Amino acid sequence: MRQVVLLKDIPDLTEIKLHRETRAPIVEGVKRRISEVDKRALEAAIQLKEAVGGEIVALSMGDDKTKTALLEALAMGADAVYIVNEPEFKCLDTNATSKVLEAALKQIGEYDLVLTGEMTLDSLSSQMGPRLAELLGIPQITYVKEITAENGKVKAVRDLEDVDEVVEAPLPVVVSVVREINEPRIPALMKIMRAKKKPQTVWDAAALGLDVEEIKAQSYVKITNLAAPKVERKQIKIEADSIEEAAKKLAEAIVSEGIM
Amino acid sequence: MTYLVYSEDRELAFQLLGKARELADKTGSSVAAIVVGESQEYVKQGADKALKADLGEFNVETVKEALLEAVKMTEPSVIMIGATKRGKEVAPRVAAALGVGCMTECSSVDLGEDGKIIVERLTYGGSTVAKETSTSTTTVITVPSRSFEKLEPKERTGEIIELTFEAVKPRVKVLKRREKPRSSVDLESAPVIISAGRGFKTQEDLKILDELAEVLGAQISCTRPISADLGWMDQWVGISGKKVKPSLYVACGISGTIQHVAGIRDSQIIVSINNDESAGIHGLSDYSIVGDLYEVIPALAKALKEAS
Ligand SMILES: Cc1cc2nc3c(=O)[nH]c(=O)nc-3n(C[C@H](O)[C@H](O)[C@H](O)COP(=O)(O)OP(=O)(O)OC[C@H]3O[C@@H](n4cnc5c(N)ncnc54)[C@H](O)[C@@H]3O)c2cc1C
Ligand SMILES: Nc1ncnc2c1ncn2[C@@H]1O[C@H](COP(=O)(O)O)[C@@H](O)[C@H]1O
Numbered sequence: 331m332r333q334v335v336l337l338k339d340i341p342d343l344t345e346i347k348l349h350r351e352t353r354a355p356i357v358e359g360v361k362r363r364i365s366e367v368d369k370r371a372l373e374a375a376i377q378l379k380e381a382v383g384g385e386i387v388a389l390s391m392g393d394d395k396t397k398t399a400l401l402e403a404l405a406m407g408a409d410a411v412y413i414v415n416e417p418e419f420k421c422l423d424t425n426a427t428s429k430v431l432e433a434a435l436k437q438i439g440e441y442d443l444v445l446t447g448e449m450t451l452d453s454l455s456s457q458m459g460p461r462l463a464e465l466l467g468i469p470q471i472t473y474v475k476e477i478t479a480e481n482g483k484v485k486a487v488r489d490l491e492d493v494d495e496v497v498e499a500p501l502p503v504v505v506s507v508v509r510e511i512n513e514p515r516i517p518a519l520m521k522i523m524r525a526k527k528k529p530q531t532v533w534d535a536a537a538l539g540l541d542v543e544e545i546k547a548q549s550y551v552k553i554t555n556l557a558a559p560k561v562e563r564k565q566i567k568i569e570a571d572s573i574e575e576a577a578k579k580l581a582e583a584i585v586s587e588g589i590m
Numbered sequence: 027m028t029y030l031v032y033s034e035d036r037e038l039a040f041q042l043l044g045k046a047r048e049l050a051d052k053t054g055s056s057v058a059a060i061v062v063g064e065s066q067e068y069v070k071q072g073a074d075k076a077l078k079a080d081l082g083e084f085n086v087e088t089v090k091e092a093l094l095e096a097v098k099m100t101e102p103s104v105i106m107i108g109a110t111k112r113g114k115e116v117a118p119r120v121a122a123a124l125g126v127g128c129m130t131e132c133s134s135v136d137l138g139e140d141g142k143i144i145v146e147r148l149t150y151g152g153s154t155v156a157k158e159t160s161t162s163t164t165t166v167i168t169v170p171s172r173s174f175e176k177l178e179p180k181e182r183t184g185e186i187i188e189l190t191f192e193a194v195k196p197r198v199k200v201l202k203r204r205e206k207p208r209s210s211v212d213l214e215s216a217p218v219i220i221s222a223g224r225g226f227k228t229q230e231d232l233k234i235l236d237e238l239a240e241v242l243g244a245q246i247s248c249t250r251p252i253s254a255d256l257g258w259m260d261q262w263v264g265i266s267g268k269k270v271k272p273s274l275y276v277a278c279g280i281s282g283t284i285q286h287v288a289g290i291r292d293s294q295i296i297v298s299i300n301n302d303e304s305a306g307i308h309g310l311s312d313y314s315i316v317g318d319l320y321e322v323i324p325a326l327a328k329a330l331k332e333a334s
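Keeping their order, the protein sequence lines are chains D and V. Here our numbering runs 330 ahead of the position in the first sequence, where the first position is 1. Here our numbering runs 26 ahead of the position in the second sequence, where the first position is 1.
For the record, the hints were derived by calculation from the structure and aren't laboratory data. Treat the hints with care, since some could be wrong.
Below, a list of computed lysine-lysine pairs in the BS3-like style, where the Cα atoms sit at most 30 Å apart [what the hints assert, rightly or not]:
1. LYS475/D <-> LYS227/V
2. LYS328/V <-> LYS579/D
3. LYS379/D <-> LYS202/V
4. LYS202/V <-> LYS111/V
5. LYS567/D <-> LYS233/V
6. LYS361/D <-> LYS521/D
No experiment lies behind these values; they were computed from the predicted model shown.
If we strip away everything but chain D, and leave its shape as in the complex, we get (with noise of 0.2 Å):
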């Protein structure tokens, strides 16, 4: 089975500042990871090829930093890894970022099970899974929680609101993971060392066939502003001799909130 992981490299968001007047996140030079839930796509990927075999590619468009990114991948087990990076499709819309997705997956031919995340945590956007699928003409199963294949066909577990639902689809079709789904493995040092030596390929929008003009003018969704809201709290931090005497001085203060 040849499975594709969509894998996007994302700004470490524990470490975002914000510009002192606009209140905007400064993304630039912070540490870029791949998207957790990417990474539980990824670790879905390895476990079905433990089961059943074939053959792992991860797929990212990013920029230059992607390529050091992705070596996490290629040190989880991903078998080889293409990079979407071209300088003028730096800002692009969820819609035409998943035409150029979708060329490189035509470029990278067979696959079987194309894997991504339910969201990628800092557009929060959960799109790119039944964008790909719809253009692609397959099915999709989205919020994944458990999944196996055999025959053909996987069988997988969703995670919605009010049921879990138990579906069955044939090849090839688009899932998308939650978290939920495992917990991704620490490579081993070994491991890390030897994923410099899997072959990366790098793709600009001449390598995939593609017009920059063209896919810059499906980008439609534009961020006019972008701001943290201010929240300010009190910061009290209680500090008492003993739990009881903390308690109560928090009591208090409750009491004196008006809340009860």
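Position chain V with the ligands relative to chain D; hints supplied.
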């Protein structure tokens, strides 16, 4: 400029209709909705056109076909879809079929000076509000439950139209549906909430919250791992769960990740109990105690009883 509304959740569809009606009235445009269940109610709730479709049990490929047919019929500039998990899987699929922009989980929806739609939504893990707009002729947006109010239903004139579309044979087969236990707790409107995180060691231990919940008149909620990993409760608070706005939120054994805090930002007072002095939640609280929740919670319940 037409608005097209769909949600498999009727209540949510009515909330979207309320907003669509308000926007449509500003510019004298019309509102269409795909009907789930009884049609006339959609007209009463603000639809000019209620599109009756035989959708059966929710299936993403069928709903996509119905939506695409409705798009042909009404040529909407905005397609509003309820941001349930089912809505969130159909919205991008429709957007891709149309090759248009899509903005998900919009908390506010308005019209800009150019008449284009402007939304607000969270990004960067939930820490930041983005204002976004889309230049495609049609734009798909998803809107979570409770973002807007439904209208007072009233007798209006509207058409009820049969929506016929090509039946599709879903390629993904549902083998089984396992109902989840559903509590009827309405976290979004709870005035006081006590919330449990991974600081709790067993499900049994959650019982220590009962006494505190009683004195405070609080509902109990939790973080995503407590619900989704451990299954101790059926709903959680945060970016992928409920967004709450109580006057008091008590976070017990919760570290304070952005994904959780994004759901409690509108709380009036946040109190945290966490035994790790360096836990992020302390800096995001109005009052905090560094201590063992197993000791602090009973002591707080007792102190509150005495104080009130
Ligand atoms: C796509 C995505 C969406 C997500 N959405 C959400 C969401 O909507 N909501 C959400 O909550 N999470 C969400 N998460 C998960 C989130 O990243 C964190 O994993 C989660 O919020 C952590 O939960 P926690 O605070 O209970 O656990 P932890 O981070 O493990 O924190 C437990 C805390 O308990 C404290 N503690 C331990 N023992 C005690 C004790 N005896 N007394 C007092 N304190 C103690 C510890 O010091 C620690 O700070 C999401 C993650 C992803 C990837
Ligand atoms: N630039 C990208 N490169 C590779 N995969 C991506 C990219 N953007 C999104 N994805 C995949 O699509 C999933 C959903 O992303 P999103 O729709 O942006 O929330 C992610 O978890 C990734 O698996």
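Hints and how they fare:
Among the hinted pairs, LYS475/D with LYS227/V is consistent with the structure: their alpha-carbon atoms are about 23 Å apart, no more than 30 Å. At roughly 12 Å between alpha-carbon atoms, LYS328/V and LYS579/D fall within 30 Å of each other, so this suggested pair holds. For the proposed pair LYS379/D and LYS202/V, the alpha carbon gap of about 26 Å is at most 30 Å, so the pair holds. With a CA separation close to 18 Å, the supplied pair LYS202/V and LYS111/V stays within the 30 Å bound.
Between the alpha carbons of LYS567/D and LYS233/V the distance comes to roughly 26 Å, so the proposed pair stays at or under 30 Å and holds. For the hint linking LYS361/D to LYS521/D, the alpha-carbon distance of about 22 Å falls within 30 Å, and the restraint holds.
Comparing the model with each numbered hint stated earlier shows that all of them hold.
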